[in-house]
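Participant: Residue-level listing of the chains:
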Amino acid sequence: MNRILFSCILFLSACGSSHGDRTLLQSKGSDTIVMLMVRMSESYNRERPDIVIAVNGGGSGTGIKSLIDGTTDIANASRAIKPREQKMAADNHVVPNEIVIAYDGLAVYVHKDNPVPTLDFDQLKCIYSEDGTCNHWSDLGIKMDCGGGTDEIIKLGRQNNSGTYEHFREEVVGKKGKFTNTLDQSGTQQVIDVIATSKCAIGYGGMGFAHGNARYVCLSKKPGEACSEPTTQAVLDKKYPFSRPLYLYTNGEPQGETKKFLEWALGEEGQKIVLESGFVPVHLSTEGK
Amino acid sequence: MSIHRRTRPAASVYAEKAIEVVIHLCGYSAILFIIAIFGFIGREGIGFLSTHIVGMFTQTSWNPTHDPADFGILALLAGTFWCVGLSLLISVPIGLGSAVYLSEFAPERTREILKIVVELLAAIPSVVWGFIGVMIVNPMLQALGAQVGLNGLNGAIVLALMTLPLLVSLGEDALRAVPDSYRQAATAMGATRWEMVWRVLMPAARRGLLVAVLLGVGRAVGETMAVLMATGNSVRIPTSVYDPVRTLTATIAAELGEAVRGGEHYQALFGLGVILFIITFFVNLIAEWTLRGNRST
Numbered sequence: 045m046n047r048i049l050f051s052c053i054l055f056l057s058a059c060g061s062s063h064g065d066r067t068l069l070q071s072k073g074s075d076t077i078v079m080l081m082v083r084m085s086e087s088y089n090r091e092r093p094d095i096v097i098a099v100n101g102g103g104s105g106t107g108i109k110s111l112i113d114g115t116t117d118i119a120n121a122s123r124a125i126k127p128r129e130q131k132m133a134a135d136n137h138v139v140p141n142e143i144v145i146a147y148d149g150l151a152v153y154v155h156k157d158n159p160v161p162t163l164d165f166d167q168l169k170c171i172y173s174e175d176g177t178c179n180h181w182s183d184l185g186i187k188m189d190c191g192g193g194t195d196e197i198i199k200l201g202r203q204n205n206s207g208t209y210e211h212f213r214e215e216v217v218g219k220k221g222k223f224t225n226t227l228d229q230s231g232t233q234q235v236i237d238v239i240a241t242s243k244c245a246i247g248y249g250g251m252g253f254a255h256g257n258a259r260y261v262c263l264s265k266k267p268g269e270a271c272s273e274p275t276t277q278a279v280l281d282k283k284y285p286f287s288r289p290l291y292l293y294t295n296g297e298p299q300g301e302t303k304k305f306l307e308w309a310l311g312e313e314g315q316k317i318v319l320e321s322g323f324v325p326v327h328l329s330t331e332g333k
Numbered sequence: 008m009s010i011h012r013r014t015r016p017a018a019s020v021y022a023e024k025a026i027e028v029v030i031h032l033c034g035y036s037a038i039l040f041i042i043a044i045f046g047f048i049g050r051e052g053i054g055f056l057s058t059h060i061v062g063m064f065t066q067t068s069w070n071p072t073h074d075p076a077d078f079g080i081l082a083l084l085a086g087t088f089w090c091v092g093l094s095l096l097i098s099v100p101i102g103l104g105s106a107v108y109l110s111e112f113a114p115e116r117t118r119e120i121l122k123i124v125v126e127l128l129a130a131i132p133s134v135v136w137g138f139i140g141v142m143i144v145n146p147m148l149q150a151l152g153a154q155v156g157l158n159g160l161n162g163a164i165v166l167a168l169m170t171l172p173l174l175v176s177l178g179e180d181a182l183r184a185v186p187d188s189y190r191q192a193a194t195a196m197g198a199t200r201w202e203m204v205w206r207v208l209m210p211a212a213r214r215g216l217l218v219a220v221l222l223g224v225g226r227a228v229g230e231t232m233a234v235l236m237a238t239g240n241s242v243r244i245p246t247s248v249y250d251p252v253r254t255l256t257a258t259i260a261a262e263l264g265e266a267v268r269g270g271e272h273y274q275a276l277f278g279l280g281v282i283l284f285i286i287t288f289f290v291n292l293i294a295e296w297t298l299r300g301n302r303s304t
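For the record, the sequence lines run as chains A and B. One gets my numbering by counting positions in the first sequence from 1 and adding 44 to each. One gets my numbering by counting positions in the second sequence from 1 and adding 7 to each.
Everything labelled a hint here was simulated from the structure, so no lab data went into it. Ideal placement from N, C-alpha and C gives every residue a C-beta, glycine not left out. Keep in mind that a hint or two might mislead.
[Stated by the list, open to error] Quick list of simulated restraints, FRET-style, between CB atoms: (1) A/ASN141 - B/PHE138: 40 to 46 Å; (2) B/ILE143 - A/LEU319: 48 to 54 Å; (3) B/ASN291 - A/GLY185: 51 to 57 Å; (4) A/GLU174 - B/LEU96: 52 to 58 Å.
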């Protein structure tokens, strides 16, 4: 609903301010990126009233499918293109060109009364993987009582079509791995809401959602390594182990107005919007190297 | 008669014919719609079902976005029937008890008021029921010792509340359809009111009561929004009432929005739609058969 509304507003504002020919660019895909793209297209439209960028969500898969069908100029994706999609693109003579527009940190959340100090990826795998054996907090050496004398881990996840789900799966349980019995929520906020009322719950989602009874966990990639908290700075410095690139895909090298827009988006002003939208800019993060 | 017809203007005759055709079409439209709906769901889903049916009914893991994907629906079916079964355990005693009270014990005025209230209960949108599941039942179950309040029992409680109005209304109708002579005969034989209800009215109205329960089942199987919000959405075969589950309907609702149109996942969800359609179709068919049996006796 929101996305339709946004594109409508974009069209209306364009009609009001433009004179002469307008160029319409289509941008479609990930719901993680949709707000970022809407903000970018609004700002860009202020600078270039002759360019209208219509932004639509629908998920990363939908965006890439649209690029392959030729119904969008830019596909937004919170994951990299899959080999299967590459093949489909090749069959349709589409050459997906990948651009990293921003970075997004993933955080692992637990209840504030949960004493777990740090977690590493092996422990996360032990909790979340189908073959994992960590079903109780005591399996991780954490003593807690979730009421009723049990300390069973309540494993929260995301819906299987979300980019966040896909990213977490690849990093934690592996590309071919499967999740164990997770409670699948339809947004990071819902994950936080369940954690806030269930002491023994663990969940993952975008950065910056910690509040009230839910806190994030300091993460390290390997056991024994120094852990890092999910902050913009830590992602910028590449210290935080759990960040993912957000992609824009075009068919071949971007041309004409698409190229100009993407240059703007990767430039100072575009990246400022990235930071304002709660993501980590690519610029500063490459400078930080 | 035939003389009359000849004297009427031709336009009037044609108009009447046209109206007759329109009324016929209206009568058949329900059949047309049901065929069209099944055709639509079937067109997207049957192809998938025909190639994946063995995997669907032998696996429990549902990972439609993985590569290779799993399309096992056993856990989803278990989730659906688990919620519906638990909800019946709650709604049947309360619903039929309420129907008995309304039809046999309540004074006329109380009956009228209660019937209106029960019908109001039926008018509450399912998303509001889902909200009640999340905001009220959820903390209640946690206070009772559930680790997570969003679970199969929560879904069952919400479903029970949603199907109650149907059970009460239809159950009451069935009981009131029993002729008064039965009641008089029972009373004359010296039966207490309770004995009359239990030994005479319930057996006499059993088909109608069964229809009420079956239609309640059909309603519960197809309910989507409330179970999506209340059940915790976890694909698994439940072993405890506090286990979170995921139903067929919730899966379609949660995943269809972002499934790529025409892709395997999209078709799989339509396949689930076909299965759901078949389940509710048979439940309603059995209810209809039961009702017909009722009329013939």
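Participant: Determine for every hint whether it applies to the structure shown.
Facilitator: Right, here's what the structure says about each hint:
A hinted range of 40 to 46 Å holds for the C-beta pair A/ASN141 and B/PHE138, which are about 45 Å apart. The hint said 48 to 54 Å for the Cβ distance between B/ILE143 and A/LEU319, and at roughly 40 Å that hint is violated. Remark: the range hint 51 to 57 Å for B/ASN291 to A/GLY185 is upheld by a beta-carbon distance near 54 Å. A C-beta distance of roughly 32 Å is found between A/GLU174 and B/LEU96, which places it outside the suggested range of 52 to 58 Å.
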